[in-house]
Amino acid sequence: MNRIIRYTGAFVLLVVLQLIIFNNIEFSGYINPYVYLMFILILPVSIPSWILLLLSFLTGSVIDLFSGTMGVHAFATVLAGFVRPWVLSLNVTAEGAEGDMSPSAYRSSIRWFIVYTVSVVFVHHLALFFVEIFSLRHFFHTLLRVLLSTAVTSFFIVLFDFIRPHR
Amino acid sequence: MRSLLNFLLRFKTLILFLLLEVVALAMISTSHNYHQTVFYGLSRNITGFVARRVERGTYYFRLRQVNEELVQENTMLRKRIEGLTSAPQEGVAAVHDTVSGVNYTYLSARVISNSVNKQKNFITLDRGSRQGVAVGMGVASPSGVVGVVVGVSGNYSVVMSLLNTDFRLSASIARNDYFGSLAWDGTNYRYARLSEIPHHVEVSEGDTIVTSGYSAIFPAGLMAGTLTGDQKRGGDFISLKVLLSVDFKKLTNVYVIGNLTHEERENLEKEVVK
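Quick mapping for you: the protein sequence lines, in order, are chains A and B. Throughout the first sequence, residue numbering follows this note's numbering, covering 332 to 498 in sequence. Throughout the second sequence, residue numbering follows this note's numbering, covering 62 to 335 in sequence.
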């Protein structure tokens, strides 16, 4: 019960941060961090995959609703939710995350957490930017946006992981 | 039956995943008229409320720039008044008809939410149907064309920005009146392309691009941008790179432009073309 309240709090906080601060960050149209994805990353390792998918859809839709981009974030976030267990299973080593704990650098190692974050964020951003433009016309321009934004989003997520309470 | 059930259970994650993605894609494909839906009006009222609060907080940091813009516009208007009142009055007296000449109304509005980083950028204004804004009206800032109103609620309106890959503006080269279609290609927010200009037309760097007035949304001669000198040739036409006169990242005060004779003109055009 306590955990549900904490995750709800994290959800609201990340969505508000995204809408008020991160949606307004843009460096010459190349870097758009989507930090709300952190909510999907920090859900417990043992969460059933169907709940994970539904939560991903919900998170993406809420962002879509408030930024007027129907379906784009929902699509990308569901894909991120789908690959997350797979990325986790590739990466669960002795130092990796297990059980009902939340994946974090605090419990595992910073290196593990960065690899995990960058992988999922990259998949999400790749889907997001290419679905948004819906063509391969400016392929390299879009790819550059994906790479730069992945770096910045991952940076903020790792940073936030350090300052969030771990219990 | 049993094996089918087993199959579904085994692949339930994959099936749910595909189902959700299909729903998301369906949402994307129907989003083209999303801005006219009632649902959007409702969500716009909520987000508009939040955006207005945020905008109020950050407005003070931009006061200097806003002031400069207003001073510039005042100067421009003063010059225009000078030109009108000191017109040569040879033989006949100048008649200042203040009623019949008026075709466009201007309503000032504040930008409360804006973006330049998407493919389809939209702007939210703090004026809506209660203040007289209607779908299809043009929006301009003191420095030039901004977009077209695509959705209104009671107190807010949503504008399709020039920085939207669906947006087309009928624009002409001020020097020789050749007109083409101005559109954004979705890359740099400072530049757009003017296409459909016949290749024999002489153009030079720095030429002014203005609205043609053919669409009845904007009055003719409204500033849109200047040519950069970069041009591409395709078939009988050239497309020219245009530096937009409006810096969309610094957008604060705009005007909503209503055309009083819009309906009359549209009806006539419809009648004849039919």
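It should be emphasised that the hints constitute simulated quantities derived from the structure, not laboratory data. Note that the Cβ used here is the ideal one computed from N, Cα and C, for glycine as well. Among the clues, some could well be false.
[Said to hold, decoys possible] To list a few chain A residues with every Cβ distance to chain B over 12 Å, as calculated:
| id | residue |
| --- | --- |
| 1 | Arg-334 |
| 2 | Ile-336 |
| 3 | Phe-342 |
| 4 | Val-347 |
| 5 | Leu-350 |
| 6 | Phe-388 |
| 7 | Val-403 |
| 8 | Phe-413 |
| 9 | Met-432 |
| 10 | Arg-438 |
| 11 | Ser-440 |
| 12 | Ile-441 |
| 13 | Ile-445 |
| 14 | Phe-465 |
| 15 | Val-489 |
| 16 | Arg-495 |
[Unchecked claim] Derived DEER-like restraints, expressed as beta-carbon distance ranges:
| id | chain 1 | residue 1 | chain 2 | residue 2 | range |
| --- | --- | --- | --- | --- | --- |
| 17 | A | Leu-467 | B | Leu-79 | 18 to 24 Å |
| 18 | A | Leu-467 | B | Phe-72 | 27 to 33 Å |
| 19 | A | Ile-494 | B | Leu-80 | 52 to 58 Å |
| 20 | B | Ser-169 | A | Phe-470 | 38 to 44 Å |
| 21 | A | Ile-382 | B | Leu-65 | 41 to 47 Å |
[Unchecked claim] From chain A, some residues computed to sit far from chain B (all C-beta separations above 10 Å):
| id | residue |
| --- | --- |
| 22 | Leu-385 |
| 23 | Trp-443 |
| 24 | Arg-468 |
| 25 | Leu-478 |
Worksheet entry | Indices of hints not satisfied (ascending) | Of the numbered hints, 4, 5, 6, 7, 8, 14, 19, 21, 22 and 24 do not hold.
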